[in-house]
Structures are given as C-alpha cells and as structure tokens.
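Two chains, two frames, some hints: make the complex.
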Amino acid sequence: MEENLITLTIDGKTVKAKPNTTILTAAREAGIDIPTLCFLKDINNAGDCRMCIVEVEGRRGFTTSCITAVAEGMVVHTNTPAVIEARKTVLDLILSNHHEDCLTCIRSGNCELQALARKYNVRKIRYTGEKIDHEVDDKSPSLVRDFNKCILCKRCVATCKKVQEIGAIDVAERGFSSCVSTVENRSINDVDCTFCGQCIESCPTGALHEKESIDELWAKIRDPETTVIVQTAPAVRAGLGEEFDLPIGTNVTGKMVSALKALGFDKVFDTNTGADFTIMEEANEFIERITKGGVLPMTTSCCPAWIKFVEMNYPEQIPHLSSCKSPHQMFGALLKTYYAEKEGLDPKKIYTVSVMPCVAKKFERQREEMKNKDGLYDVDNVITTRELARMIKEANIDFEKLEESQFEDPMGEATGAAAIFGVTGGVMEAALRTAQDTLTGKSVDAIEFKDVRGGAGIKRATVNVAGKDVRVVVASGLKNARKIMEEIKSGKADYDFVEIMACPGGCVVGGGQPIKSSKIRSEVDVRELRSAALYTIDEKSTLRKSHENPVLKKIYADYLGEAGGHKAHELLHTHYEKREKYNLD
Amino acid sequence: MEKKYDEFMQGLFKEYKPDKDNLIQMLNEVQEHYGYVPRDAQEALSNFLGISMAEIYGVVTFYSRFSLEPQGKYKLSVCLGTACYVKGSQKILDRIVERLHIKEGETTPDGMFTLEAMRCVGACGLAPVFTVNGEVYGKATVQKLDQVLDELMKN
Chain G
1 MEENLITLTI DGKTVKAKPN TTILTAAREA GIDIPTLCFL KDINNAGDCR
51 MCIVEVEGRR GFTTSCITAV AEGMVVHTNT PAVIEARKTV LDLILSNHHE
101 DCLTCIRSGN CELQALARKY NVRKIRYTGE KIDHEVDDKS PSLVRDFNKC
151 ILCKRCVATC KKVQEIGAID VAERGFSSCV STVENRSIND VDCTFCGQCI
201 ESCPTGALHE KESIDELWAK IRDPETTVIV QTAPAVRAGL GEEFDLPIGT
251 NVTGKMVSAL KALGFDKVFD TNTGADFTIM EEANEFIERI TKGGVLPMTT
301 SCCPAWIKFV EMNYPEQIPH LSSCKSPHQM FGALLKTYYA EKEGLDPKKI
351 YTVSVMPCVA KKFERQREEM KNKDGLYDVD NVITTRELAR MIKEANIDFE
401 KLEESQFEDP MGEATGAAAI FGVTGGVMEA ALRTAQDTLT GKSVDAIEFK
451 DVRGGAGIKR ATVNVAGKDV RVVVASGLKN ARKIMEEIKS GKADYDFVEI
501 MACPGGCVVG GGQPIKSSKI RSEVDVRELR SAALYTIDEK STLRKSHENP
551 VLKKIYADYL GEAGGHKAHE LLHTHYEKRE KYNLD
Chain A
1 MEKKYDEFMQ GLFKEYKPDK DNLIQMLNEV QEHYGYVPRD AQEALSNFLG
51 ISMAEIYGVV TFYSRFSLEP QGKYKLSVCL GTACYVKGSQ KILDRIVERL
101 HIKEGETTPD GMFTLEAMRC VGACGLAPVF TVNGEVYGKA TVQKLDQVLD
151 ELMKN
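Protein chains in written order, with my numbering: chain G, 1 to 585; chain A, 1 to 155.
Bound conformation, chain A alone (with noise of 0.2 Å):
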C-alpha cells in the first residue's frame, strides 16, 4: 500500500479528489500518459478512489480508448464501418496485417505500429479510410497505404 508512485501519478493525485466520480477522467490522463494503463496505475487509483481492482479493470476493458497493453509509436486504425467496407477497406486492413505480420488489436514486437479496426470516423465521403494516430487518410488505396507505411518506417 505504501508503494512509491511515480512523479505523473503523484501529480494527479494532487489534481484530482479521491472521488469515485473522478475515475474515468483519470484513466483517461493516464492512458495519454503512458500509452496504456499499466498494472501499477490500475492499483494506485483502486487504493485512490476506493474502487476495487475488478472494476477497474472491468471499466478498462469496456471503453476502447484504454488499452492494458502499451501501444505503437503509430496507432494505424482502418475504418470497417458500411461506407469504407463496401469502398474495400477490408483489403487495407489485409495489407496492413501482411506487411506488418500482426492481428488487429496487437502491436508490432519494435512497438512501432498497432493496429486497430474501428468503425465510422464520419468521413464516409471519403470512403475507405483509414488513420495514423488520428489523422484521416481518405479514399485510401492499398498503393496508398504502402506510401504511408514507407514513409514511416524511415522514421
């Protein structure tokens, strides 16, 4: 219980009151910080609010805005709602998922890219798109997309 919590954590706990209210506010800061929400910031807002480690966990897993794992340096989402599917975005998650050798929701071992379907981003005339940590790319092809992930990886 008296475990050491880093400087970011300490801050928020200054920011925030210890009310149960406050717990999705706080995950949010936290998976900005880190990329994720690891273990230990799990167990620090349990013991801060007063809200067990279970439902915690059970909010964490709800909402995909959080993750449990730390995320890619570039967060690729491909949009699978009925517009991008129909345009072929299917074939853009399949690109992705060759080049890269990973399944939707994993990460590459360098935690360079993650991937992730998602459905309408509300750019449907645009149809199929996909993003790079938020940023639309519209009527995407897979010539495209393979542009991107170049560009990318010379980074």
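For reference, chain G alone in the conformation it holds in the complex (with noise of 0.2 Å):
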C-alpha cells in the first residue's frame, strides 16, 4: 500500500509513515528516538509532559510529538539547541517540584525522571517554591502511594480507568493542588482498588509502589529457630533475570533457586508444585459441576485481583468462583500441615514465604480465610520478583556466575502443565490436560491447546474433552473480566468454564513484575517474551499433566485422599464474601 503512505522528513532524512501516524511513532520507527514521559504505547497519550516536544517547520513554537500527527512534506527538527533547551526548562519545572531523595528512592537506577535529568544534564534546579506535600499511603497490604514522587503523567490513571476499567484513582483538583488521587483522597484500602498492581508498572517514578516486606524476612531468615520456606511462582523465573540485565523472557530457574538458598531460605520449592495441586482439584470441581449440575460456568480462582474484584461488583455472581485457594495458598497450607507433620516440625515455628509476580497476593495471603484450623496463615509472607532482586544484590550475590540449582526433594516437583499458569490460557489449558485424562481413564497425547493461547483479551473455545465439547473463555485485564462478568450476569453465557487473570496477559506481566520503561515497552511485547519461556520450560518438562506428578500422587495417597475430599477441601479451598467497593464512613 505505497500509495497510500506519507513522506515527511525527520532529522534531514526522508520518513514514510502511515496516515494518523504520530511524529513520534514515526520517528522512533525510523530509528529516531524522541523522549517522553507521559507516554505510554497504547494507553495514555495525552501531550501533557511536553518532554517529546519537537520542531516543525513553518509552525510557531513547538510541536508536541506524541499527539501530533504526521502531515505530506513535514520537516520535522526532533534535536535543535531550542529543543533541547526547552526540555531541560520542561525537566526543570517538574523537579523544582519534585522531592528529590534519589538515594532512598524505591525506583533509584529504574526511574524514567531521574533517566531524563541524567540525560539532559541537569546540574541545578533553577526554580524554587512550595513544593506538594502529601501523607504516604502505606495502609493497604499491597499498594504504597507516595504522591510526592509523582509527576501527573497519568499513565497509572489510564491504565486503571481505560485498561482495566476500575478508575480508583483520577486527577483531582486544579492547577498546583492538582494530583491523582482517590474517592475523598482515602488510602487506596479504602475503595474499589483490586490490587492488581498495574499501576505500578506503568508509574515512571517512585510514586507507586509494591509494600515491601524484605525487612521482616530478613529477621525470619537470620533466626535460627525459625525454619523459613519459600516457594516461587511459574512467571518470577520469566522475568527476575531482568532485574539483572539478562534479555527479557530469560529463563532463570536454575540461577534463581541457587540465589534463594544462598538468601539463607532452608527450603527452596516450587509454587508449579501448588499449581499442580490447584489443577487436580479445580478439574475435579468442573468436572463435578458438569457431570451433577453444579453452577455454570466455573471460574478459576487463582488471581486474588480477580477475587477482590468479584467480591467487590459481583457478589451475586460469587458462586460462579472456583472455591480452590491459589496454587501458592495451597502450597502453604500443605507446608504447615503435611510437611510440618512428615519433617517433624513445629508449624507456628515455619515461616512460608512465596514469591510473585503480584502485589495482590500480599492482600490475598493476609486474608482470613487463609488461615489454618491453629490460626496460622498458610502463607506469612509475599514478596514480589522485585523484591527479590533486590534481596540478592543486598546480599551481593552475583546473580550472573551463580551456579544452576535444582529445587529440593520431596516438595520441589511440578510438571509443564503448572509452569504455564503463568501465561494467559495457561491455567486453563493445564486443567484441559487433566479433565480429558480423568474423563476417558486414560492418556490422552493432545495436550497443546493452542486456541487458549496468545495475547487476545478474550479468547473464545470449544474443545473437545473425551468426546465432549466443552466451551471455555479465557479473559485477562479487569475490562475484559467486566465483559464476561455481565455476560454471565445477563444469561447470556453459553459456556463452561472460564479462566480469569486481572493483569493482561497474565501474570508475567503482573504487578510485580519488572518494570519496563515506556521506551522499551513501546519497542517489545514484553509479555509475548515472558511467556515464551514458560511455553519453553512445558515443551522441555518430561511430564505435562498436572495429576502425573508423582509429589501429588504420594500426598494424595499419604495425607490428602482423593482430590475434592474432606481433608482436600479443609486445607485446599476457600470461600468468598460480598465485599463493600468503599469503606468511607
């Protein structure tokens, strides 16, 4: 379609774009980079920085690239000395503003602010005045709001209104009040926030962030008396490596279980284990829905975000939820019951600890009903993958030259189908695996359910499980969660069985993840990288199917009984309550 292309030039070179390209999309597929701030590929562009400011000849002033589109025989300037000067005048305002303790700051090295003013050389901020002053929100379990960090980029209120359809927080006030706020400005605990932490991965500075809870670990990890467990989920060994400037999508396994035990954890296993379990007894509560009329269709339960959102605008729809607890509260549950019982240990004096790719699950471990008949959390500590990184280099772990290890015995196996819970698809193409082997009694080859996979918010299905057509969606990212939520609401569902994730894409590319600067997230879909290498490690893995695990073959014998048991229903599955969207009285 070479008719139909626009020829502008940029930097003295000639550009060919399509028509309603921007400047800046143009520019940067030229191999032109422009710097932005507020932009973000996708989700927010809305011309407010003014940091992606260019020249364009035969305009006055100038031109705000990120909004502007491309025209025939543009001459565009992206770097003149007037350019420049006015985006260290832009760079200059924001930080006469902005609380400057780099040195503490949780994005220190990871800050798209602090990337800028290193890049433009600012020295010295030539403007002083009153600058914001605003409580840190630090009361919920998962999300820390600091809006003295914050820049009114929007990119956090783009993705929470336009991506995932919640808008807990938007732009308050005018002029300098101006800021993002809640509902009455209430800590985010106190409205209809979901946890899901996407806010985080799109905020350029420190203004959003994880609750870190490193600093209590450490004390578990240094006590002698206390034995510490830790657990890590399928997508953190897709993304940790990034941390440590390996290639997006490397897959650390080997590296990030050596780095764990050198952490000083007694025990190192593996979440997949839990997501293994999580299969045999969701499978086992579709296929008793099926087969003797329970509700349909089932969703799976194993984003805490999704939960809360359920609890919060569907309560009604509630017995549509799985009632199987996530793979990692499963997990812990069976380390304060099974193996405390098996090891001969002392449960209070276990602390399990999981790893995430999630600010959710911090919420989700704390919850009531994740405690045990004793009162003990099945879980007492989440931290995220970032956490972690940052727990290695503390401990001056070169993460890099550190040997491959291997989880441990008896506790550390799981199978292809547990390490693709990570992806979109991935929960529902592993309980596929299973369901179609317990309904024919036999083993089935099919295993590569491809219609579940891909990037696609909604993916619709009908597959065909032991003679059956099952008809399966899978959804991610809350706006999507919405569409099938009402759906089901209205009647209109005319399927069985649905797989929900909160972030979209899936959980590789959840809230606590690594953050990717907008650049790179402009230049890579950072998911389909992630999700390679978990789709890799199922190919490579000798066992496929969750319930030809040998770990849960022995505990089901040993301890559990049959999948959707007694004892399997006490430490396995949960339940749900309506939960108010606003706690403002």
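Rather than coming from a laboratory, the hints here were simulated on the basis of the structure. A few of these clues could be false.
Mimicking DSBU-like on lysine-lysine, the simulated pairs with C-alpha atoms at most 35 Å apart in a straight line are [said to hold, decoys possible]:
#	chain 1	residue 1	chain 2	residue 2
1	A	K17	G	K492
2	G	K578	A	K20
3	A	K14	G	K479
4	G	K131	A	K91
5	G	K492	G	K211
6	G	K131	A	K75
7	A	K17	G	K489
8	G	K519	A	K4
9	A	K14	G	K131
10	G	K139	A	K4
What follows is the structure in structure tokens.
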C-alpha cells in the first residue's frame, strides 16, 4: 500500500509513515528516538508532559510529537538547540516540585524522570518555590502511594481507567493542587482498587510501588529458631533475570533457586507444585459441576485481584468462582500441615514465603480465610519478583555467575502444565489436560490447546474433552473480566469454564514483575517474550500433566485422600464474601 | 447498590439518560438542590452513569461551582481580581475573616455564612466589589460591608 504512505522529513532523513501516525511513532519507527515521559504506548498519549516536543518547519513554537499526526511534506527537527533547551526547562519545572530523595527512592536506577535528568545533564534546579506535601498512603497490604514523587503523567490513571476499567484513581483538584487521588483522597485500601498493581508497572517514578516486606523476611531468615521455606511462582523465573540485565524472557529457574539458597532460605520449593494441586482440585471441581449439575460456568480463582473484583462488583455471582485456593496458598497450607508433620517440624516455627509476580498476593495471604484451624496463615510473607531481586543485590550475590541448581525434594517437583499458569490461557490449558485424562480414564496425547494461547484479551474456544464439547473462555485484564461477568449476569454465557487473570496477558506481566520503561514497552512485547519462556519450560518438561506429578500422587495417597475429598477441602479450598467497594465512613 | 435514594435523586434519574456526558449537568442540579454535592449523591451518580467515584470526585473538586461541604445560607464572595485588589478588596476580605472567624472556603458553624474569594465578575468599574448570593455590592468599603453583615445577621 505504498501509495497511501505519507512522506516527511525527520532530522534530514526521508521517512514514510501511515496516515494518522504520530510524529513520535514515525520517528521511532525510523530509528530516531524522541524522549517521552507521559506517553505509554496504547495506554496514554495525552501530550501532558511536553518532553517529546519537536520543531516543525512553518509552525510556530514547539509541536508535541506524541499527539501530532504526520503530514505530507512535513519537516521535523527533533534535536535542535531550542528543543534541547526547552526540554531542559520542562525537566527543571517538573523537578522544582519533586521530592529529590533519589538516593533512598525505591525506583532509583529505574526511574524515567531520573534517567531524563541524567540524559539532559540537569545539574541545578533553577526554580525554587512551594512543593507539594502529601501524606504517604501505606495503609493497604499491597500498594504504597507516595504522591510527593508524582509528576502527574497520568499513566496510572489511564491504566486503571482505560485498561482495567476500574477507575480507583483519577485526577482531582486544580492548578498547583492537582493530584492523582482516590475518591475523597482516601487510602487505596478503602476504595474499589483490586490491587492488580498495573498502575505500578506504568508509573515512571517512585510514586507507586509495592508495600515492601523485605525487612521482616531478613529477620526471619536470620532467626535460627525459624524454618523459613520459600516457594516461587511460575512467572517469577521468566522475569527475575531482567533485574540483572539479562534479556527479557530469559528463564532463570536454576540461578534463582541457587540465589534463594544463598540468601539463607532453609527450603526452596516451587509454587508450580502448588499449581499442580490447584489443577487436580479445580479439574475435579469442574467435572463435579458438569456431571452433577453445579453452577456453571465455573471460573478460575487463582488470581486474587480477580477475586477481590468479583467480591466488590459481582457478589451475586460468587457461586461461579471455583472454591480452590490459589496455588501458593494451597502449597503454603500443605507446608504447615503435611510437610511439618512429615519432617517433625512445629508449624508455629515454620515461616512460609511466596515470591510472586503480583502485589494482590500480599493482600490475599492476609485474608482471614487463609488461616488454618490452628490460626496460622498458610503463607506468612509475600514478596514480589522485584523485592527478591533487591534482596539478591543486598546480599551481594553475583546473579549471573551463579551455578544452576534445582528445587528441593520431596516437594519441589512440578509439571509443564504448572509452568504455564503464569500466562493467560495457561490455567485453562493445564486444567483441560487433566480433565480429558480423568474423563477418558486414559492418557490422551493431544495436550496443546493452541486456541487458548496468545495475547488476545478474550479467547473463546470449543474444545473436545473426552468426546464432549466443552466451551471455554479465557479472559485477561479486568475490562475483559467485566465483559464476561456481564454475560454471566445477564444469562448470555453459553460456556462452561472460564479462566480469568486480572493483568492483561497474565502473571508474566503482573504488578510485581520488573518494571519496563515506556520506551521498552513501545519497542517489544514484554508479555510475549516472558510467556515464551514459560511455554518452553512446558515443552521441555517430561511431565506435562498435573495429575502425573509423583509428588501429588504421594501426598494424595498418604495424606489428602481424594481430590475434592474432606481433607483436600479443609486445606485446599476456601470461600468468598461480598465486599464493599468503598469504606468511606 | 440497592440503596434508596430520595425523591430528588429519583426524579433526576427519570429526567436524564444514563449517559456519561450528563455528569456535569446532573452535578449542577445536585449542587443547586442540596447546596453542595453530598457523598450519597456522588455514589448515586456513579452507579447511574457508570462513572467511577474517583472520577466524579475529580470533577467536583476541579470546578469551583461544586462544593463537598454544605454551604452557608449566605455566600459572601470577595473579588480579588486586579482592579478590585488595587482598590483595596483585601481589606473587605480581612474584615469578614475578622468578624465571622472563618477563613476562605469555610462556613460559619451556624450555617449562616460561607466565605470565598473570587476572580473578576466583570464589574471593574464598581471596584472593589463583593457579592452576597450573587448580588453585587459595588464601590465597597468596610463600613458598607459592616452594614450589610449587620442586616443579614438580623434575619
């Protein structure tokens, strides 16, 4: 379609671009970088920050390249002395109202504002004046909002409102008082936030971050009386390497396990084993519902942000949720019961830690329902992939030079089915593998369900399971989750099984994963690269069906009894409750 | 969600379509009716229009015509625009603060007066001006203000 292209000149280079392309996109596609701050591909292009200004011949003043479409014959200059000076002034103005505590800031070294200040050699802030002074909101177990670091780029607002369609935060007030706020500027803990953490992933500075729980963890690791057991979620191994400058999508399982051992964890296990338990229980629950006329469609329950979303927005649809706990909760429950018993450990002296690609898991672990009958939490601490990386750095471990090692026996074995839990569609695929074997009573070879793979927000498929057509839906992102819930609510749902993950693309791009700059997110598909790492693990696994995991077989035989049985229900299942969206009184 | 709303709100829901674009107009009516935008009304509008509470809060706090607190029976607005300011309107404002013991944006505990500073009302020829519930008092002096306040306090 050559004839439809627009020809323009950028920095002396002839560039062809499709109509309606912005100058920014056209320049980047031609290999000419323009700095940005508020721009976030497909999510935010508001033209607010003015970092991306350029000069266009024949136009007065500067042109904001992220919101200006290319035109035939346009002559653009991205790097004139005037442009550079203006960008410096923009930075100067932003920094004049910024709390400059870079040394101790959680985003130091990975902050887009800091990077630009460095790039433009900002040595002195010329403007001084009043500075915003907001109270830091650290009341929630998952998220911390430090508005003093906010530069009003509104990337978080766009993410919450447009990508997730929650709108827990928005811009309030006016002029100098403008700020990103919840309703009545309440704590994020008291409003309709699901703790998906996608806002953190979109924040260029340290204004939004996870509630760190590293200090408490160090204390437990150093306490000789406590047995500290760690487990790591599938998606962590596909992201952690990036914090040590490895390419996106590098599978670092072996080095990660070595690092965890070096950090002083007493036992290093795999949440994937927990995921295999989840599949056993969930597939069983699904078969029960289908054969005995239970509530359908059944939806997955591994994602705590999704659960909170349903509890707040669709309480009357709670019976559609699987009663299965999420994998790390199941595994934590087994560690404090079965494993403690077997190893002769006092459960009170076991401290269980989950490394998760997620901040909602921090909320999930402290839910009252996640305590066992002795009042002990299944999981005592949840840290994000980022926090683990910080601990490894703090311990002065040279990650890249680590030898590879394996998860420990007897509870460290997991299948390929579990590995793909970290990807949208993965839980569905894993469940179908087990369901078809269970229903046919034999080992079916066709185990790759390609229809439920890929990055689409909603995937619908009809799969043949043991001669029966099962209609499934896979949705990721809460905007899509809402669409599915509306279908279910209005009785239009003509499917049986639904997988939902709150983060668009699944846990590989969860709110606890390494934060990628706007520039990287413009250039590569982070989700795809990290997902590929997990699918490769699956392909290379000898065991690719959860029910074939020997650890499971043994624990069901020795301890739990049947999947869905009494003991399994006590330890591996939970319940949900209607939750108020707002707690304002 | 199944909260019962008062007659006024129910009437509003009959009058307007649940279209996001109606937010400002509906907020206007709410402000007019209650004298402020109560939280219950914000919640009702949020449910009716499918707009998040945070967004409605953002709109209410952006426009000075909306307030989150009940307003006094008499709204005293002092113009601090250039012309009025040069002609000494700060003294008028200070006098109100002194007499009523409220600051800008506040309401007296008895619910009688709300004080606010405003920009130009387009009556610069009458500077300095203040308004009471929109009624303009021009060429104002502290004495003139005192008379007006005394009069209002009798009611």
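For each hint, the structure was consulted:
1. K17/A / K492/G: 25 Å, holds
2. K578/G / K20/A: 27 Å, holds
3. K14/A / K479/G: With Cα atoms ~28 Å apart, K14/A and K479/G stay inside 35 Å; holds.
4. K131/G / K91/A: 29 Å, holds
5. K492/G / K211/G: Violated, because 40 Å separates the two Cα atoms, which is more than 35 Å.
6. K131/G / K75/A: Roughly 31 Å between the alpha carbons, so the hint for K131/G and K75/A holds.
7. K17/A / K489/G: 22 Å, holds
8. K519/G / K4/A: 49 Å, violated
9. K14/A / K131/G: Answer violated: K14/A to K131/G is near 46 Å, above 35 Å.
10. K139/G / K4/A: 31 Å, holds
Checked against the numbered hints above, the structure breaks hints 5, 8 and 9 and satisfies the rest.
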